[in-house]
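> Hey, can you work out the whole structure from these sequences and the hints?
Chains as they are written, first to last, in numbering that gives the first Met the number 0: chain S, 0 to 514; chain R, 0 to 148.
These aren't lab readings, by the way, just hints derived from the structure by calculation.
Predicted model, so just to flag it, every value in this text is computed and none were measured.
Take the hints with a grain of salt, since some may be wrong.
In silico contact screen, one side only, chain R against chain S (beta carbon under 10 Å); selected entries [said to hold, decoys possible]:
1) Ala19
2) Gln35
3) Gly54
4) Gln60
5) Arg72
6) Ser75
7) Thr91
8) Val104
9) Trp114
10) Leu121
All residues carry an ideal CB built from backbone N, CA and C; glycine is no exception.
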Amino acid sequence: MDFFSNIGLGFSVALSLTNIFYCFLGALLGTLVGVIPGLGVLAAISMLFPLTFHLEPTTALIMLAGIWYGTTYGGSTASILLNLPGTPANAVTCLDGYPMAKQGRGGVALFMTTVASFFGASFGIILLTLFTPVIAEYALQFGSAEYFALMLMGLVAASTISEGSAIKGLAMVVLGIIIGLVGMDTQSATIRFSFGILGLLEGVSLIALAMGVFGVAEIIMSVRRVKTADVDPESLKLKAIKPSRDEVRRSWFPMLRGASMGSFFGTLPGTGPSIAAFLSYAIEKRISRTPERFGKGAIEGIMAPEAANNAADQTAFIPTLSLGVPGSATMALMLGVLMIHGVAPGPNLISSQPELFWGLIMSFWVGNLILLLLNIPLIGVWVRMLTIPYHILFPAVLAFICIGAFTSGFSPLNVWMVFAFGVLGYLMRVFRFPGAPLLLGFVLGPLMEEHFRRAMVLSRGDFMTFFERPISATIMALTGLVLIWGVVSAERSRKRQLLSEGEVDHTPEATDRPT
Amino acid sequence: MYRIDYTDLVGGVLLVALGAGVSLVAIQYYPLGTLQRMGPGMFPAILGVVLGGLGMLLALQALRRTGKRPDIRVFSPLFVLAGVASFALLITPAGLIPAIVSIVVISSLAELRIWPVSLALLCLALCLMAPLVFVVGLGLPIPLIRWPF
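Below, the structure is given as structure tokens:
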């Protein structure tokens with residue numbers, strides 16, 4: 000029984016003392032970051048990224064993954080208590096969670112969302128365990144043309160499906176690829192776009208880019224905007240968190256539907272937890288016999304989206320680990336960690352690094368159990384976190400970003416790169432360009448160039464190779480469809496938005512951005 | 000509300016300039032090769048053209064529609080970025096602790112208010128914590144303080 004021995008191997012890795020410790024640390028930090036509005040997942044992961052240099056790649060990934068799914072657990076806390084989503088994926092939870100808190104049922108809501116999160120995550124992990132190896136095996140027959148097509152589809156989907164203008168998303172992907180070109184070209188050893196700076200020979204640092212564009216820029220936009228919380232401690236006493244029997248009964252099916260939706264959208268490039276949460280809320284409201292309860296504290300309205308976003312968090316690893324093609328910026332960072340540690344991502348990963356693959360997946364169980372324990376008895380502690388004023392928080396975060404950047408190469412150059420990307424990130428926010436496609440383009444760019452050049456060599460310079468090979472042609476056709484659909488739907492939503500908004504000046508929600 | 004979308008217009012024009020710059024540098028300095036055997040200049044040259052094209056589309060669209068006022072801020076980016084720059088300047092000549100103090104103090108000015116007690120406590124806490132995590136915990140060789148004279 001190969002399957003069970005693999006799972007056994009995974010647990011033996013995940014249950015080592017070091018890995019449990021870092022898994023705990025990741026989950027803890029993730030919850031913390033998720034709870035605090037004005038500090039996003041990407042900023043947090045990139046901030047802690049330098050720490051992982053000094054760890055084994057498996058341990059590093061376990062910790063970073065813990066931060067990733069931990070934020071979604073924590074994010075619901077701010078949504079419910081403050082009506083402010085801790086992460087964009089928890090935005091829908093505000094709709095019914097905040098009314099519940101106002102009715103004095105905040106404790107119930109927090110408890111039940113934790114249960115839903117755990118349920119969704121478990122659902123996602125099971126799918127991840129079953130499907131990733133199958134997909135990877137199928138992907139072994141892919142050639143360079145297929146990979147190029149897949150990456151292209153990932154980038155196009157990520158830039159057009161996420162909100163905002165498709166043109167801007169695509170432009171940021173291209174800019175990301177261009178930034179990824181800086182440094183030595185692997186095939187001809189030519190040095191490109193280094194402007195004579197020696198430190199740039201190895202290329203732009205992924206960490207500096209992520210910390211600048213997401214960390215520094217986010218701080219700039221949040222200063223003097225994020226308000227400190229005011230929470231009623233009475234609703235959070237342990238005895239106030241017990242749900243009624245009716246609430247439990249009504250939660251089962253929304254959780255199941257949410258988890259299925261989330262698992263599906265998690266695997267697709269460009270969709271991910273936020274869209275999964277929104278859609279599952281919409282579905283619950285549509286099929287409910289009492290849709291008028293939604294928005295006034297309906298338990299279904301928090302269970303479905305919280306199950307969905309956590310399931311999506313887990314299944315997002317399927318394309319990343321089986322194909323080496325990340326569907327979101329966070330997954331691109333995970334891939335970046337692998338590459339920095341010299342592990343080549345792709346369908347061979349599972350067979351060449353079984354300890355890493357199975358260990359990581361089994362650590363998700365450990366991490367989610369830890370989160371369950373962290374969240375239910377410690378709700379009060381997390382809520383107190385919300386009362387830390389931002390004027391204390393952001394200089395500390397900034398200091399850690401700079402120290403982290405410095406230690407990633409022991410050179411001030413990396414700190415200057417953070418500075419430069421902070422400027423870029425700020426300009427991008429001013430001109431409303433999305434950040435996630437930039438990061439995806441940056442990570443995928445060098446891989447895409449390699450596959451593109453290799454495919455061109457094999458086909459003797461004939462572009463038709465991408466359209467003649469059946470798998471590649473199918474992916475290309477899908478890419479075209481996604482592109483058209485993205486452009487059309489973006490235009491339509493923009494028109495609708497302008498009509499409904501009228502003269503209203505735009506809202507001060509600097510923290511509420513898609514990751 | 001503006002008659003045309005100045006935010007996207009300027010953004011688009013900037014992209015065109017950037018794309019043109021990338022393509023020109025790539026064509027001028029790096030060998031293009033042929034499609035079959037692509038040189039190091041080919042991929043960037045193509046990307047520059049694509050970026051410029053997307054910028055052009057964005058700018059053209061912006062002419063046809065109304066736009067909102069952009070969210071431009073002066074003091075937040077100024078102080079936050081100045082803090083980062085001060086860290087970069089101080090870390091090598093002066094060491095970790097002066098760099099931390101300067102980034103914390105300068106960036107906290109972005110709030111346009113000063114809480115002297117909490118600021119001092121924050122500096123103190125970070126100066127104790129950062130060496131503990133990075134130097135003692137991870138064993139990284141960063142000098143804590145260095146006298147430049």
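> Hint by hint, where does the structure go against what was stated? Just the numbers, ascending.
1
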